[in-house]
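Novice: Residue strings, one per chain:
There are 2 protein chains.
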Amino acid sequence: MSLQQKLDALPGVHPRPAETAGFVFNHTMLRVKDITRSLDFYTRVLGYTLVDMREFPDAGFSLYFLAYVDDTSALPGDPEGRREWLARQQGVLELTHNHGTEDDPDFAYHDGNSDPRGFGHICVSVPDVVAACERFEQLGVPFQKRLTDGRMKSLAFIKDPDGYWVEVIQPTPLP
Amino acid sequence: MSLQQKLDALPGVHPRPAETAGFVFNHTMLRVKDITRSLDFYTRVLGYTLVDMREFPDAGFSLYFLAYVDDTSALPGDPEGRREWLARQQGVLELTHNHGTEDDPDFAYHDGNSDPRGFGHICVSVPDVVAACERFEQLGVPFQKRLTDGRMKSLAFIKDPDGYWVEVIQPTPLP
Chain A
1 MSLQQKLDAL
11 PGVHPRPAET
21 AGFVFNHTML
31 RVKDITRSLD
41 FYTRVLGYTL
51 VDMREFPDAG
61 FSLYFLAYVD
71 DTSALPGDPE
81 GRREWLARQQ
91 GVLELTHNHG
101 TEDDPDFAYH
111 DGNSDPRGFG
121 HICVSVPDVV
131 AACERFEQLG
141 VPFQKRLTDG
151 RMKSLAFIKD
161 PDGYWVEVIQ
171 PTPLP
Chain B
1 MSLQQKLDAL
11 PGVHPRPAET
21 AGFVFNHTML
31 RVKDITRSLD
41 FYTRVLGYTL
51 VDMREFPDAG
61 FSLYFLAYVD
71 DTSALPGDPE
81 GRREWLARQQ
91 GVLELTHNHG
101 TEDDPDFAYH
111 DGNSDPRGFG
121 HICVSVPDVV
131 AACERFEQLG
141 VPFQKRLTDG
151 RMKSLAFIKD
161 PDGYWVEVIQ
171 PTPLP
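These protein sequence lines map, in sequence, to chains A and B.
Residue numbers for the first sequence follow this note's numbering, beginning at 1 and rising by one.
Residue numbers for the second sequence follow this note's numbering, beginning at 1 and rising by one.
Just so you know, these hints were derived from the structure itself, not from any lab.
Some clues are possibly wrong.
Under the rule of at most 20 Å between Cα atoms (straight-line distance), these lysine to aspartate or glutamate pairs were calculated in the EDC-like manner [to be verified]:
1) K6/B / D128/A
2) K145/A / E80/A
3) K6/A / D78/B
4) K159/A / E19/A
5) K33/B / D106/B
6) K145/B / D106/B
7) K159/B / E80/B
8) K153/B / E84/A
9) K6/B / D115/A
10) K159/B / E80/A
11) K6/A / D103/B
12) K153/B / D40/A
13) K153/A / D128/A
14) K159/A / D106/B
15) K6/A / D128/B
16) K33/B / D128/B
17) K6/A / D70/B
18) K6/B / E19/A
19) K153/B / E80/A
20) K6/B / E80/A
21) K6/A / E80/B
22) K33/A / E55/A
23) K159/B / E137/B
24) K153/B / E134/A
25) K153/A / D70/B
26) K159/B / D106/B
27) K153/A / D103/B
28) K145/A / E167/A
29) K6/B / D70/A
30) K6/A / E84/B
31) K33/A / D115/B
32) K6/B / D40/A
To give an idea of the interface, some chain A residues facing chain B are shown, with a C-beta separation under 10 Å as derived from the structure [said to hold, decoys possible]:
33) P11
34) V13
35) F25
36) P105
37) D106
38) F143
Backbone N, C-alpha and C fix where the C-beta goes; we use that ideal spot for every residue, glycine too.
This is chain A alone, in the form it adopts within the complex (with noise of 0.2 Å):
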């Protein structure tokens, strides 16, 4: 039996329905306390780009979007078009800013990863796990996991401004 048949074996998988053809998985959501430091961590040291962004002021709140692009000067320069191209990617990165959080030094969202559990981290994969990682040393940035720690020397877990998790991996095998 191959591998694909074995996963397609296991209690509860279902071939999949003909009424899905076209679904994308576009985006994961978190809500982030400063969304400057949120948009700084994701641009300087985490390479992903803002493009778009949703302004609902009587709601108070905005939302960010981010991903991986290689050549902004590809993407639609208008609103709608941009918003049609967003909607068609995988990989997107939503930011939720409540307004005002940012100000409370008593306010934090919650990282999913003690009680109540749930949500436990989103992952970046590199080219060179290794480098990544004393980049991210020299730029200070928490570690949650270094690679060195624990007995899963090939990944290790960063901590964004709210303390959400970002794994860290490679595709290759580590020397």
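Place chain B on chain A using the hints.
Specialist: Chain B alone, transformed into the frame defined by chain A:
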């Protein structure tokens, strides 16, 4: 000033560092109580394909990786090749199953949308959000927000077996 120039000028936003070339937003991890129910939901209802799993019996947990795949016959069949392929993808959903939680009637994970808040939702983009939501209704999927609820008539939220919110959108404007 173009749309992208406005986004790039927001406080905190930096140009993409050269050291982040090749970075990919690979996956989002959620813990689930009953993996069979979750695999049923994500494969049968949402059309994901289970593309890998990893068991850690000594530690009492297993990991399941799901993605939208049009042709599974094109995927590497050997475990190492599959793992490397998987780590290069965008838009992967990782489900963590801590063994035995499904047998505890009082056990529940936290969806992040009530206190303490943090993680908000994942989002699936579909070609026809009206048809998709009609199908979800027929399948008995619980809704957090139907298309007709609230002010935003172009998006819905359904709930997965753990109560995590799954936003459903379509790229093009509704008629």
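Novice: Now tell me if each hint is right for this structure.
Specialist: Here is what the structure says about each hint:
For the hint linking K6/B to D128/A, the alpha-carbon distance of about 32 Å lies beyond 20 Å, and the restraint is violated. About 41 Å separates the Cα atoms of K145/A and E80/A, which puts this hinted pair outside 20 Å; it is violated. Under the criterion of a C-alpha separation no larger than 20 Å, the hint pairing K6/A with D78/B is consistent with the structure, at around 12 Å. Restraint check for K159/A and E19/A: the C-alpha separation of about 38 Å exceeds 20 Å, so the hint is violated.
Note on K33/B and D106/B: the hinted pairing holds, with a Cα-Cα distance of about 11 Å set against a maximum of 20 Å. Distance restraint check for K145/B and D106/B: the Cα-Cα separation of roughly 26 Å exceeds the 20 Å cut-off, and the hinted pair is therefore not satisfied. Taking the CA atoms of K159/B and E80/B, the gap is about 34 Å. The hint is violated against a cut of 20 Å. Distance restraint check for K153/B and E84/A: the Cα-Cα separation of roughly 16 Å lies within the 20 Å cut-off, and the hinted pair is therefore satisfied.
Straight-line distance between C-alpha atoms of K6/B and D115/A comes to about 40 Å, which puts the hinted pair past the 20 Å bound. The straight-line distance between the Cα atoms of K159/B and E80/A is roughly 28 Å, outside the 20 Å bound, and the hint therefore fails. Simply put, K6/A and D103/B have alpha-carbon atoms about 24 Å apart, too far for the 20 Å limit, and the pair is violated. Only pairs whose Cα atoms come within 20 Å are accepted, and K153/B paired with D40/A is rejected, the gap being roughly 33 Å.
Distance restraint check for K153/A and D128/A: the Cα-Cα separation of roughly 13 Å lies within the 20 Å cut-off, and the hinted pair is therefore satisfied. With a CA separation close to 31 Å, the supplied pair K159/A and D106/B exceeds the 20 Å bound. A C-alpha spacing of about 32 Å is found between K6/A and D128/B, which places the hinted pair above 20 Å, so the restraint is violated. For a cut-off of 20 Å, the pair hint linking K33/B to D128/B is broken: about 30 Å separates their Cα positions.
Between K6/A and D70/B, the direct Cα distance comes to roughly 18 Å. Compliance with the 20 Å bound is thereby established for this hinted pair. Annotation: proposed proximity of K6/B to E19/A is violated, straight-line Cα distance about 39 Å (limit 20 Å). Proximity of K153/B to E80/A is assessed by CA-CA distance (about 17 Å); at most 20 Å being required, the pair is judged to hold. Our distance criterion of 20 Å between C-alpha atoms is met by K6/B and E80/A, whose separation comes to about 16 Å.
Restraint check for K6/A and E80/B: the C-alpha separation of about 16 Å stays at or below 20 Å, so the hint holds. Proximity of K33/A to E55/A is assessed by CA-CA distance (about 16 Å); at most 20 Å being required, the pair is judged to hold. Pair hint K159/B plus E137/B holds up; C-alpha atoms about 12 Å apart against a cutoff of 20 Å. Among the hinted pairs, K153/B with E134/A is inconsistent with the structure: their alpha-carbon atoms are about 46 Å apart, more than 20 Å.
A distance of roughly 33 Å separates the Cα atoms of K153/A and D70/B; the hinted pair therefore is violated under the 20 Å criterion. Of the pairs offered as hints, the one joining K159/B and D106/B holds, with about 19 Å between alpha carbons and a cut-off of 20 Å not exceeded. Between K153/A and D103/B the alpha-carbon distance is near 33 Å, which puts this suggested pair outside the 20 Å criterion. For the suggested pair K145/A and E167/A, the alpha carbons sit about 9 Å apart, so the restraint of at most 20 Å is met.
Note on K6/B and D70/A: the hinted pairing holds, with a Cα-Cα distance of about 18 Å set against a maximum of 20 Å. With a CA separation close to 19 Å, the supplied pair K6/A and E84/B stays within the 20 Å bound. A distance of roughly 14 Å separates the Cα atoms of K33/A and D115/B; the hinted pair therefore holds under the 20 Å criterion. With a C-alpha separation of about 16 Å, the suggested pair K6/B and D40/A falls inside the 20 Å cut-off, and the hint holds.
Hint on P11/A holds. Least Cβ distance to chain B is approximately 5 Å, under the 10 Å limit. Look at V13/A: its Cβ gets to within about 5 Å of chain B, closer than 10 Å, so that hint holds up. Below 10 Å, beta-carbon pairs count as interface contacts, and F25/A has one with chain B at about 4 Å; its hint therefore holds. Among the interface hints, the one on P105/A is violated; its C-beta lies about 17 Å from the nearest C-beta in chain B, farther than the 10 Å criterion.
Below 10 Å, beta-carbon pairs count as interface contacts, and D106/A has none with chain B, the closest being about 13 Å; its hint is therefore violated. A least Cβ separation of about 17 Å between F143/A and chain B goes past the 10 Å threshold, and the interface hint is therefore violated.
Taken one by one, the earlier hints fail for this structure at numbers 1, 2, 4, 6, 7, 9, 10, 11, 12, 14, 15, 16, 18, 24, 25, 27, 36, 37, 38, listed in ascending order.
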